[in-house]
Structures are given as C-alpha cells and as structure tokens.
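Colleague: Read top to bottom, the protein sequences are chains A and B. With this note's numbering applied, the first sequence corresponds to residues 3 to 438, in that order. With this note's numbering applied, the second sequence corresponds to residues 2 to 171, in that order.
Fair warning: there could be bad hints in the mix.
Label pairs and their in silico Cβ distance ranges [said to hold, decoys possible]:
#1 B:P6 / A:D112: 48 to 58 Å
#2 A:R107 / B:G137: 43 to 53 Å
#3 A:G16 / B:A109: 28 to 38 Å
#4 A:D87 / B:R161: 33 to 43 Å
#5 A:A92 / B:L139: 40 to 50 Å
#6 B:S52 / A:T284: 47 to 57 Å
#7 A:A218 / B:S52: 26 to 36 Å
Far from chain B, some chain A residues (derived; all Cβ distances over 12 Å) [as the list claims (entries may be wrong)]:
#8 A102
#9 G256
#10 A338
#11 A358
#12 G382
#13 G438
Hints listed in this document are in silico derivations from the structure and should not be mistaken for laboratory results. Note that beta-carbon positions come from the ideal geometry of N, C-alpha and C, so glycine has one too.
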Amino acid sequence: MARAPQAGAAPADGGATMAEHIIARAAGRSRVIPGEIVTVRVDLAVLNDLSGPLAIKRLAEAGHHAVFEPDRIAFFAGRHMPFRDEALAAQVAALRDFCAAQRIRHCYADGEGMDHALLPEYGLLRPGDLVCDGDSHACTAGAVGALAVPMGSTDMAYILATGETWLKVPTTIRIVYEGTAGRYVTSKDLALATMARLGTDGARYRAIEFHGPALAALSVDERFTIANMAIEMGAKTALMVPDHAVLSYLAARGVDAAGGVAAILPDADAGYERSLAIDVATLRPLVARPHSPADVVPAAEIRSARVTQVNIGSCTNGRMVDLRQAAAALRGRRVARGVRLMVTPATDIVWRQAMAEGVLAVLAEAGATINPPGCGACAGWHMGVLGPEDVCVATHNRNFRGRMGHRDARIYLASPYVAAAAAVAGELVDPAAVFG
Amino acid sequence: MTTLPARVHVFGDDIDTDVITPGRFLGSTDPAVLAKACFAGLTDDFAARVSLGDLVFAGENFGCGSSREHAPIAIKAVGIGCVVARSFARLFFRNAINVGLPVIECAAAVDAARDGDEASVDLARGTIDVAGKRFGFLPLEPGVLAILQAGGLMPLLRARGATPTTMGIG
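Build the full structure now, drawing on both the sequences and the hints.
Modeller: Below you can see the structure in the form of structure tokens.
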C-alpha cells in the first residue's frame, strides 16, 4: 500500500497527543497532523552490535566519512559479551574504532550491558527527545517520555551523516490501566494483557500512550517493561507522561527535565484513534504461548508444559525489580531437576547491585546460572541457545519460532514470578501454586 | 518498473523477522551469506526453490518483529523481485524500501494467488497480474520509486547527494 502523504490537509482543530507535540517540535513546526510526512531533527541516534556494523558499512558506501554530531550518537556494542565467535569480536572492534575515529564518547563496548536498560541509566534520555534507534525495542524509552523510533541500519546511516530523517506522523492509541493488581500480577502481566487485546498488529504504525492509576502505581523500572513491548503490538513508538517518579528517576541520573514536560503533555482534547481501558484487578499471572507474544492465557491454564530452561532477564525484565522478585520467590527453594535456570541482569549496574544486596547469592543457591550483563539468550545468539526439544519460559518480549535457537523449540513469555515458579515446579504453573 | 512473470511463493500471516533471518545468521552483512539463510526459521531449502525474480505473496503484518535490515536483504539477495502482502509491519516496510526490495500491499491479489502461480507486478502503474486477473494498488510515491530504482537509499544518495526534503518524500 502506498502511503500517500496528506500534505495540504487542513490543520486539526483539536489538541495534540504526546507524539504530535514531540514530532512537531523536532520538525520545527507548531503543529503536525497524523498522516503527514515531516523531516525531523534527531536528538539522539542509537546503534548496537547488530545494527551498528551495517550502518557503518552503509555510511562508507555512500561516501560519507563524518558523523553529524558525535555527542548525539550512542553505540551499545557490548550486548552479547563474552563474544560467541571471531566475527562478532571483529565487528565490535570495528565499532570501537569507528567511535574513536569519529570522537563518539558514548561508546559502550566493555560489558556494560544492553542498550535499552542503559540509555535511561546513563542519563541519555530526556522527556520530549526524538530518538532514532537501530533496534526495535527503542520504544522502551517512552517510559521516561522520550519518543524513540526504531529504524533499520540504512536509515541510521543516513541519520549518522545528516542528523535528520523523515517520519510519518502516527495516530495514537490510548491505553489506561485502572484498578489495583493482585498478588504476583506484575507490569509484565499488564503488558501481556495489552498484547492479548491488541494482537501483534493492533497498533501497527501507531504511537501508544500509556496512562492510568495502575501505571502510576508502578516504579519507573516496572514501566519500562510495558513500554518495551509496544513494538510487539506493532507500534511505532510508546509514550508515558513523565510524572514525579520519572522526574526523580531522571534527576538522580543527572537529567534535570522538569522544565521540558509541560510542552509534551497530551492536550485535554487530543485526538486519539481509540482508547482502551484495562482493569488490572481482573488479571492473573499470564503467559504468552509459543509462537506469538499475543497468544496470552493465564499460567494456571497451561496443562503439563514440562520445562527444560528458564531465562530471567532482557530489556523487558532484567532490572533490579525483576531480579528481586525472582529472588523473593526462589529463596530457600531449588530449581527442579532437568531445568536450567539462567539469570541475565540487563546491565553491569544491576549485576553489581544484585550482588551487593545478596540477590545473586539467593538465585545461585537456588541453582541459577548467573550470566554476565547483556541480552543473554533472548535473540538466540549465545548463553542459552535452545535445541529442538527445549521448552523455555523466558521473561523476554518475543517468542517467535526460532527466536532462541532451533525452530522446533517452544518459548513461553512470562513475568519473573511465573518464570521462577516454572523453574521450581519443572512445568508452567500459577505462582501461587508454588509460592503460596 | 515491471517484474517479468515469475513464480509466486505463498506465506501466511505474521511472518516475523526471526523466521526470515534467525539470530544466528546475523553475524554477517554479506548478502550472499544471508541469501542462504532466507526463511531459515521455517525451512532449510527456500534458496534452492527460488529463481531470480520470483515473488513472495504473504498475509497480514509481514516482517513483524525486529529492526534487522538483514531480513529484507536476505529476501532480495535470494532473488525475490517483490513482496506482495495484505499488510506489512512498519519497520520491515521502511527497511525493504531502503535496501531496494519492492514491497506492495494488495490484499485482493494475495487472496487470489496460490503457491506456484505465475504473477507479474508493475510498480509504476500499480497493477498485479495473477490467477488470470489484474489487480490494482496505489502506486508508490515518486520519491519511494526513485529509491527502489536506484537499488536503495544509500545508492540514491550517492548518486544524487539528496537530503530528505529533496527526496520528494517529505
């Protein structure tokens, strides 16, 4: 389908959504409307060990040898360390060389961990920023009010050269989380419940704005989980209003953002394509069954799914709150025979904090393998690749066929509580059945 | 820009980028290597079944999942001339254009076609001939066609020194 731009359409009368505010500012316009295609200035360009090498190659192919502004570029090249093979080792070395030659300071290739968890931790995101990222889970940044759009390596090469790109202004879907969540119901379950409502393309090309008292009740780290999975619903980007919790989070990381929030708040009469309310009080601990993140059912309804591997980690659930949940569940318990439990903190900050708090010791005592920080086995690169007979429960965001290894392996997506329960029981169960 | 009559390979809904290019193949950016990996999440022998210029016809949300440009690169490198789908995932659509792989949304043509049929696509006129019928689709914008004709975004830039506002896209 050709997407004919609606240039020349009359300006909308109503107010603007967050995405419309942010894109308008980045385009140097007072107002933009959904469907319009505009050129935007990019506040931050992000690349990683997968998208980076191809972007650099494309840049060279186009005859470009300088980046637009070194301080507005970040490379996260250490997402899969230790390296699985010579090819990756060589690729990351080339990325480091490129950053050095271009004087790009934000070059992280020393095992710090993975991009989507590090970006906010390093104070690289501000509310209202327009971020272009060579990774689909860019939308994670929306939890602090940054509009992050995933792009392929060619688009990113263009951005490296010029600092600009073109964007079609998305419509916005509004999701409101109401009520109070019950025991063992986490932000991951809110995300999975939303997947069930929207499916894998219900938000295709849209921005999703997440709202509601049940969202406000979550810590910022827990909100990243929800923003992270917007791409699985097909969304272009995710956004949440930066509230006091977000401003405190950012201030603690050196980002003084209080002044920038008013300009990006959705107007009271903003035009949403649709609004969905989810009553979290009705939710139970959930899983997404193989092979779709949208095939969501309560964990209690899965019969006899014998499990061989459990992975706790990823940009979805690899932060302190997630590891603490797993440790609270696994304290004094043992992983079942026949189950491999792997814990992969998302960043070295989380790794060291988990160690200092005794969380890693609790997990190791239970029988977990503690991995170095990064993406781990989420994308099937290393540290827990699955064979044809494996059944895996993972706190990840994708369970497509072949995602973590062999195409016949089966992956269930779940929260840290459900994953921990599966590790102890050796099969998928409701957490209450194991932990009381 | 027209594709000669070619064989149609049919796929279903939600064909994701892990199925098109599984993670283990992403250490290489070489099109020749990626071609062999095309659709390895589903089958080991897709490359052997493709002749240059063949077409992929697919259902909803083709290319969903990751931003990996390796996915459209693999499909183009294995010899596919155009992907026709009921709908595309946003990121895959954009990446496909950027690497010079034509992508068309035309639900009617997809519904009419069977695996093994012969079909041809005229990008400029906006027509697909398959199963004895002609189907229409909204032709791609001139700026997008220019990218495809150049073989991708970067080749176009190299040739023209264009910026987004002069590309005719925005």
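Colleague: Does G438 (chain A) clear chain B by more than 12 Å, comparing its Cβ with all Cβ atoms of that chain?
Modeller: holds, 37 Å
Colleague: Starting from the hint 33 to 43 Å, judge whether the C-beta atoms of D87 (chain A) and R161 (chain B) obey it.
Modeller: holds, 38 Å
Colleague: Given the hint of 28 to 38 Å, check if G16 (chain A) and A109 (chain B) actually sit that far apart at their C-beta atoms.
Modeller: With Cβ atoms ~35 Å apart, the hint holds.
Colleague: Could you check the hint for me, namely that R107 (chain A) and G137 (chain B) are 43 to 53 Å apart, CB to CB?
Modeller: holds, 52 Å
Colleague: Range hint 26 to 36 Å: satisfied by the CB atoms of A218 (chain A) and S52 (chain B)?
Modeller: violated, 57 Å
Colleague: May I ask you to check that G256 (chain A) keeps its beta-carbon over 12 Å from the closest beta-carbon of chain B?
Modeller: The claim stands: G256 (chain A) keeps its Cβ more than 12 Å from every Cβ of chain B (closest is about 28 Å).
Colleague: Can you let me know if the beta-carbon spacing of A92 (chain A) and L139 (chain B) is within 40 to 50 Å?
Modeller: Once the Cβ atoms are compared, 44 Å apart, the range 40 to 50 Å for L139 (chain B) and A92 (chain A) holds.
Colleague: Beyond 12 Å from every chain B Cβ: check whether that's true for A102 (chain A).
Modeller: holds, 21 Å
Colleague: Beyond 12 Å from chain B, beta-carbon-wise, is A358 (chain A)?
Modeller: holds, 32 Å
Colleague: Would you say the C-beta atoms of S52 (chain B) and T284 (chain A) sit inside 47 to 57 Å of each other?
Modeller: This hint holds: roughly 53 Å between Cβ atoms.
Colleague: Just double-check G382 (chain A) for me: nearest Cβ-Cβ distance to chain B has to come out over 12 Å.
Modeller: The claim is violated: G382 (chain A) sits with its nearest Cβ about 4 Å from chain B, within 12 Å.
Colleague: Measuring Cβ to Cβ, find out whether A338 (chain A) lies farther than 12 Å from everything in chain B.
Modeller: At about 27 Å from chain B, A338 (chain A) clears the 12 Å cut-off, so the statement holds.
Comparing the model with each earlier hint shows violations of hints 7, 12; every other hint is respected.
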